[in-house]
Amino acid sequence: MTEINEVPSPFCGVGTDDLTVQVEGSTIRLTHNGCAVNAMGFEQTLGDKEAKIDGKTVSLSGAAARAAEFLYSAKQPIIGGCATDVNGMRALLSLADRIGAVVDNMGFNAARNNFLTLQDSGWMNTTLAEVKNRCDVLLVVGTDLETVVPRFFQRYLWDNAMHLADVQQRQVVYLGKAPSGAASTSPSGQKAQVLACDDAALPEVVAVLRALVKGQPIRAEQAGGINVADLQALADKLLAAKYGVITWGAGALGINNHAELIVQTVSEMIKDINNKGTRCSGLPLAGKEGDLTANQVCGWTTGYPARVSFYKSYPIYDPYLYDSKTMISNGEADVLLWVQAFNVNAKPPLCDIPTIVVGRCGMAFDKEPDVFIPVGTPGIDHVGHAYRTDNVVAIRLKKLRDAGLPSTTEVLSAIELALSGASHAN
Amino acid sequence: MLIKLTGGKVYDPASGVAGVVQDVYIQDGKIIGKPEQPADKEYDCRGKVLMSGAIDMHTHIGGGKGNIARTMLPEDHRIDPVPRTDITRSGNGHAMPSTYVTGYRYAEMGYTAAFEPAVLPINARQAHMEMGDTPILDKGGYVMLGSDDYLLRILTAKKDQKAINDYVAFTINAAKAIGVKVVNPGGINAFKFNQRKLDLDEQNAHYGVTPRQILQVLATAVKELGISHPLHVHGCNLGVPGNVQTTLDTIQGIGGLPMHLTHIQFHSYGTEGDFKFSSGAAQIAEAVNKNKNITIDVGQILFGQTVTASGDNMRQHANHKFANPNKWVCMDIECDAGCGVVPFKYQDQNFVNALQWAIGLETFLLVDDPWRIFLTTDHPNGAPFTSYPHLIRLLMDRTFRNDVLSRIHPEAQKMTTLASITREYTLDEIAIMTRAGAAKLIGLQNRGGLAPGYFADITVYTDNANREAMFEKPDYVFKDGELVVVDGKVIHTKWGTTHIAKPNYDASVEKDLKDYFDKYLTMKLGNFKISDDEITEDGRGSLTAHPTVGGSA
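Going line by line, the protein sequences match chains C and G. According to numbering that gives the first Met the number 0, the first sequence is numbered sequentially starting from 0. According to numbering that gives the first Met the number 0, the second sequence is numbered sequentially starting from 0.
Hints were generated in silico from the structure; no laboratory data involved. Glycine included, C-beta positions come from ideal geometry on N, C-alpha and C. A couple of the hints might just be wrong.
What the hints assert, rightly or not - Far from chain G, by Cβ distances over 10 Å, these chain C residues were calculated:
| no. | residue |
| --- | --- |
| 1 | P7 |
| 2 | T26 |
| 3 | L29 |
| 4 | A73 |
| 5 | R89 |
| 6 | A199 |
| 7 | Q231 |
| 8 | L260 |
| 9 | N294 |
| 10 | G302 |
| 11 | P304 |
| 12 | P314 |
| 13 | Y319 |
| 14 | G330 |
| 15 | A393 |
| 16 | D401 |
Claimed, not checked - Output of the computed footprint for chain G on chain C, the stretches with three or more beta carbons under 8 Å from beta carbons of chain G:
| no. | region |
| --- | --- |
| 17 | 156 to 170 |
| 18 | 263 to 269 |
| 19 | 352 to 364 |
Unchecked claim - With a cut-off of at most 27 Å between alpha-carbon atoms, the simulated BS3-like pairs for lysine-lysine come out as follows:
| no. | chain 1 | residue 1 | chain 2 | residue 2 |
| --- | --- | --- | --- | --- |
| 20 | G | K33 | C | K270 |
| 21 | C | K213 | G | K33 |
| 22 | G | K513 | G | K493 |
| 23 | G | K33 | C | K241 |
| 24 | C | K241 | G | K47 |
| 25 | G | K320 | C | K275 |
Assemble the whole structure, with the sequences as input and the hints as a guide.
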C-alpha cells in the first residue's frame with residue numbers, strides 16, 4: 000500500500016490539492032480531506048479494461064481502426080462530452096480539425112450563461128485566494144453553494160485570511176435558493192442571511208438590487224416576494240464592503256431561458272459598485288469534469304470556447320447552432336464520438352447514429368456503443384493538467400496508480416493516426 | 000544535410016557585419032564556417048538580404064489574459080478565419096490570434112522567437128501551455144512580481160536583499176521564466192485595497208511600500224542574481240497625461256541599475272496644449288540617450304481595431320470607459336497580480352490616438368542607440384504583431400511616414416515634431432533592434448546572429464524599396480536549419496524550444512514559502528512549482544537554460 004499526499008483533484012472544481020489517498024493495487028481510498036464529490040471521483044472502482052466493438056472485446060488498435068472508419072465516412076461527425084485534461088483536449092481538437100467535426104462540451108449550455116455575458120459586456124472577477132484573504136461580504140446568487148463545492152466555506156471562508164482580523168465576522172448572504180446545509184454558518188454559529196425567492200423571480204430580484212445599488216428609486220415594496228427594504232439593506236452592505244464578492248453557479252441559476260441575463264445584471268452591478276468607489280468582484284463557479292479545461296484549450300486553439308464546428312475547415316463558433324444534443328435529435332449528425340474521462344455516469348445521449356465512446360473505465364451502457372474504448376482518468380491513471388473553477392489556475396494532476404489504461408490523448412491520437420496514416424498537422 | 004545560402008547581402012550586427020555579400024552554411028541545425036565538401040542543397044540568395052530570424056522581446060502570446068481577450072471577441076476572429084492545410088492547423092487571426100496561427104504568422108514575417116512579458120507565477124502553467132501550442136517559434140517568459148502579497152510582506156517586515164533575491168530566484172525557477180517583470184509596481188495590489196492610482200512615491204495603503212522601493216529591490220535582485228535581462232518595467236501611471244515626469248523620475252530613481260522600460264510610448268505623455276495632452280518623447284529620448292543603464296521598447300500604436308490585455312488592472316479599470324466595443328474584463332488574481340482586458344480601436348482622426356502614434360515614432364527616431372531600443376507594438380495592446388512590416392516602413396521611409404502623418408488629426412500634427420525629423424532607420428539598425436540587440440538583451444546564447452556556432456534561425460528577404468512589402472513576405476525562413484517558410488508561406492512546421500534561466504537560491508526560502516502557501520494560498524507549494532516534465536512530456540517541447548552572468552548567487 001502506498002500513501003500519497005497533496006493530491007490535486009480534477010473533480011471538485013476548486014482544485015483541492017490537500018488530499019491524501021491510499022493506493023493498493025488499483026484501489027484508491029481517500030483518507031484525508033475528502034468530500035462527497037471527491038470520494039465519488041477517486042474511489043470509483045475499475046471496470047473491464049478491454050476495448051469493445053459491438054460489445055465484443057477487441058484490441059485497442061482494432062477499436063481505434065473501427066472508430067476511424069466511422070469518422071472517415073461521416074458527413075457531420077460530432078465530438079461530445081469533451082471531458083478530459085489539457086492534453087486530451089489537444090488531441091481532441093487535432094482530430095476534430097482533421098475530420099471537420101462539431102466540438103461541443105457537455106457543460107456548454109450552463110457555461111453559455113457566462114460566455115454570453117463575457118462576450119456582450121464583460122465583467123470584473125476574482126479568484127479563490129483573493130476570496131480567502133480579502134472577502135468580507137459574500138453574496139451567493141441562485142446557487143446552493145455547498146452541493147456544488149462541498150468544501151468552499153471550510154477552505155475559503157472559515158480558514159486563515161491575510162487581510163481580515165476575524166474571519167468569523169465575514170457576512171454571507173444568499174439570494175434566491177437557501178443553503179441546504181450548515182456549511183455557510185460560521186464556526187461561532189453566525190448563520191448566513193437568506194433572502195429566498197423562486198428561481199423564476201431571480202431576474203426581477205437582481206434587476207431591482209442593481210437599481211438600488213445605482214440609487215434609482217423603486218416604488219414597489221416587494222420584488223419576487225422579497226421586501227425591497229431588505230434588498231436596499233443588501234445594496235448598502237455591498238457598497239459598504241471592503242472587498243465584496245458575488246458568486247453564482249452558471250448551471251445552477253434554475254431557469255432554462257436567458258439565465259445569462261441574471262449573470263449579466265449581476266456582473267454589470269459589480270461594475271457599478273466599483274464605479275461608485277467600492278471594490279466588488281464576481282466569482283463564477285464552474286470547473287467540473289473538465290468544462291473549463293475544454294473551454295480554455297479550445298480558446299487558445301481556435302479563439303472560441305468549446306462549441307465550435309470545423310466543417311468549413313476552419314473553426315466557427317455558435318453558442319446555439321452547435322448544441323450537439325439538438326443536432327443529433329434534428330438528424331444533423333451522423334456519427335458521435337463521446338469523450339468522458341472523469342465520470343462513468345456521464346454517458347452519451349441515446350441516439351440512432353453510430354456512437355464511439357472514449358470513456359472512463361467502468362462506464363456501463365444500456366445500449367452498447369458501436370465502439371467503446373475505456374481510458375484512464377487524468378489525475379488518477381496519468382499526469383495531466385486541469386483548470387479549476389476560477390479559470391486562472393491550472394493544476395498539475397498526479398498519476399496515482401498504474402492500471403494499464405491508456406490516456407484520452409493516446410486513444411484519440413491512435414484514432415487520428417488510423418484515419419490519416421500520417422502524423423498530425425502542426 | 001549541408002545547406003549553402005549563396006551570395007546574399009548579410010546583416011549580422013552580432014558580428015559587426017552590415018550589408019556584406021557572404022555565403023552562409025548550415026549543418027545539423029547550426030551555422031558553420033565554409034566547409035571542405037560541396038553543399039547538398041544550395042539556395043541562390045544573390046540580390047537578397049540575409050538576417051538572423053527576428054526575435055520579439057515583448058509580445059503577449061501566452062497566458063490567461065490573452066485567452067480572455069480571445070474568448071471575449073468572437074466577432075474579431077470571424078473576420079479572419081484561417082483554414083487548415085495538409086501541414087498546418089486551422090485557427091483564427093486578427094487582434095489576438097489562436098496559438099497555431101500566432102506561430103505561423105510570426106514565422107511568415109521572418110520571426111523565429113517571441114517572449115511573453117507578463118507571466119503571472121500562478122498562471123505560468125497556462126502561459127507555457129499556450130506557448131507550447133505555438134509552433135515554429137522559440138519562446139520564453141518574464142515572470143511578474145511586485146504586486147504579490149508575499150513580496151510586499153517581506154518588504155514590510157524589512158527582510159534583507161538576500162531574502163528578496165532568494166524569493167525572486169525561486170519564482171523564476173518555479174515559473175520557468177528567463178526574466179522578471181514588474182507591472183505598475185505595487186499598484187495591482189493597491190487596487191485590491193481600493194486605491195485607484197499609485198504614483199512612484201505613493202504608499203500602498205496597507206503595506207506602506209512605494210513603487211520606487213519595489214523597483215529598487217527587484218532591479219537589485221535581478222542584477223545580483225546575474226539574470227541577463229534587466230528588470231522589465233511597466234511603470235506607474237500608464238496612459239495618464241503627465242506621466243512623462245513619472246517615467247523620468249523612474250529612470251532617475253533606479254540609480255544606475257540596469258532597467259528595461261517597456262511600451263514606453265504609453266508612459267511618455269505631457270499635459271501641454273489645448274487638449275492638455277502632449278508628447279514627452281523628446282524628454283524621454285534625451286534621458287534614454289544619457290542613461291546607458293536604460294533600455295526601452297516602444298509599444299507603438301497603429302490605427303485600427305485591437306484589444307489591450309495587461310496585468311495592470313488598476314489602469315485598465317480606469318481606461319474601461321474607452322472600451323470599443325464596449326465590453327471589458329478586470330480580474331484580481333490569487334494574491335499574485337491581476338489583469339485587465341479592454342478592446343481599443345485606435346483612430347487616426349482621434350486627437351489622442353493620433354498623437355500616441357506620433358509619440359511612438361518620435362521615440363524611435365530620437366533614441367540614438369539601436370542596441371537599447373526595441374521594435375514592439377506591445378502586441379496586441381498597441382496593434383497586432385502582424386503590423387510590424389508597416390511599422391518598419393514608417394521607420395525606414397520618411398516620405399511614407401510624412402504621408403501618413405499628413406492624414407492624421409490636424410491638431411495632433413501640430414503637436415508633434417515628427418515632420419521635421421529626417422532620420423530613416425537603416426537595414427543594419429533594423430537588424431540590431433529585432434535580432435542582435437534583442438538576443439543580447441534577453442541573454443540568449445547563440446541566437447540572433449549568423450556567425451558559425453549560432454543556431455541556424457535565418458530569414459532571407461528580397462531587397463525592396465517598399466520595406467513593408469519586403470518585411471511581410473520573406474523568400475525563405477529557416478528555423479534551427481530547417482526550411483519552414485517559402486515566399487511568405489509556411490511549408491513545414493516544427494517546435495521551438497523554451498528559453499529559461501535557472502538562478503541559484505538558498506533552498507531555505509522554501510520553508511517560509513511553504514508556511515505562507517499552507518496558511519494563505521489555495522495551492523500547495525509543491526504543486527505550484529512547474530516541473531521540467533510539464534514542458535517536455537508531450538514530446539514537442541524542450542527547455543534551454545541560459546547561464547546567469549557575474550552574479551553573486
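Hint check:
1. Not every beta carbon of chain G lies more than 10 Å from that of P7 of chain C, the smallest distance being close to 6 Å; the non-interface claim is violated.
2. At the 10 Å boundary, the C-beta of T26 of chain C stays outside the reach of chain G, the nearest C-beta of that chain being 24 Å off.
3. L29 of chain C, annotated as away from the interface, keeps every beta carbon of chain G farther than 10 Å; the closest lies near 16 Å.
4. Listed as a non-interface residue, A73 of chain C keeps its Cβ farther than 10 Å from every Cβ of chain G; the least gap is roughly 17 Å.
5. Interface exclusion of R89 of chain C from chain G breaks down, the closest Cβ pair being 7 Å apart, not more than 10 Å.
6. Taking the minimum C-beta to C-beta distance to chain G, about 28 Å, the non-interface status of A199 of chain C holds against the 10 Å cut.
7. At roughly 23 Å from the closest C-beta of chain G, the C-beta of Q231 of chain C stays outside 10 Å, upholding its exclusion from the interface.
8. The beta carbon of L260 of chain C is kept farther than 10 Å from every beta carbon of chain G, the shortest such distance being approximately 15 Å.
9. With a cut of 10 Å on Cβ distances, N294 of chain C falls inside the contact zone with chain G, its closest approach being about 7 Å.
10. Listed as outside the interface, G302 of chain C is inconsistent with that label: its C-beta sits roughly 4 Å from the nearest C-beta of chain G, within the 10 Å cut-off.
11. A Cβ of chain G approaches the Cβ of P304 of chain C within 10 Å, the least distance being about 6 Å, so the stated non-interface status is violated.
12. The claim that P314 of chain C lies off the interface is violated: its Cβ sits roughly 6 Å from the closest Cβ of chain G, which falls inside the 10 Å cut-off.
13. Chain G leaves Y319 of chain C outside its interface by the beta-carbon criterion, the shortest separation being 13 Å against a cut-off of 10 Å.
14. No beta-carbon of chain G is positioned within 10 Å of the beta-carbon of G330 of chain C; the least distance is around 26 Å.
15. Here A393 of chain C does not stay apart from chain G, with its beta-carbon only about 4 Å from theirs, under the 10 Å limit.
16. Chain G leaves D401 of chain C outside its interface by the beta-carbon criterion, the shortest separation being 16 Å against a cut-off of 10 Å.
17. For the region 156 to 170 of chain C, the stated coverage by chain G is satisfied: 4 residues place a CB nearer than 8 Å to a CB of that chain, which reaches the threshold of 3.
18. With 0 residues bearing a CB less than 8 Å from a CB of chain G, the region 263 to 269 of chain C misses the requirement of three and the coverage assertion fails.
19. Counting residues of the region 352 to 364 of chain C whose CB falls under 8 Å from any CB of chain G gives 0; the rule of at least 3 is not met.
20. Note on K33 of chain G and K270 of chain C: the hinted pairing is violated, with a Cα-Cα distance of about 65 Å set against a maximum of 27 Å.
21. The straight-line distance between the Cα atoms of K213 of chain C and K33 of chain G is roughly 75 Å, outside the 27 Å bound, and the hint therefore fails.
22. With a C-alpha separation of about 39 Å, the suggested pair K513 of chain G and K493 of chain G falls outside the 27 Å cut-off, and the hint is violated.
23. With a C-alpha separation of about 69 Å, the suggested pair K33 of chain G and K241 of chain C falls outside the 27 Å cut-off, and the hint is violated.
24. As the CA atoms of K241 of chain C and K47 of chain G are separated by approximately 63 Å, the hinted pair breaks the 27 Å bound.
25. Pair hint K320 of chain G plus K275 of chain C holds up; C-alpha atoms about 14 Å apart against a cutoff of 27 Å.
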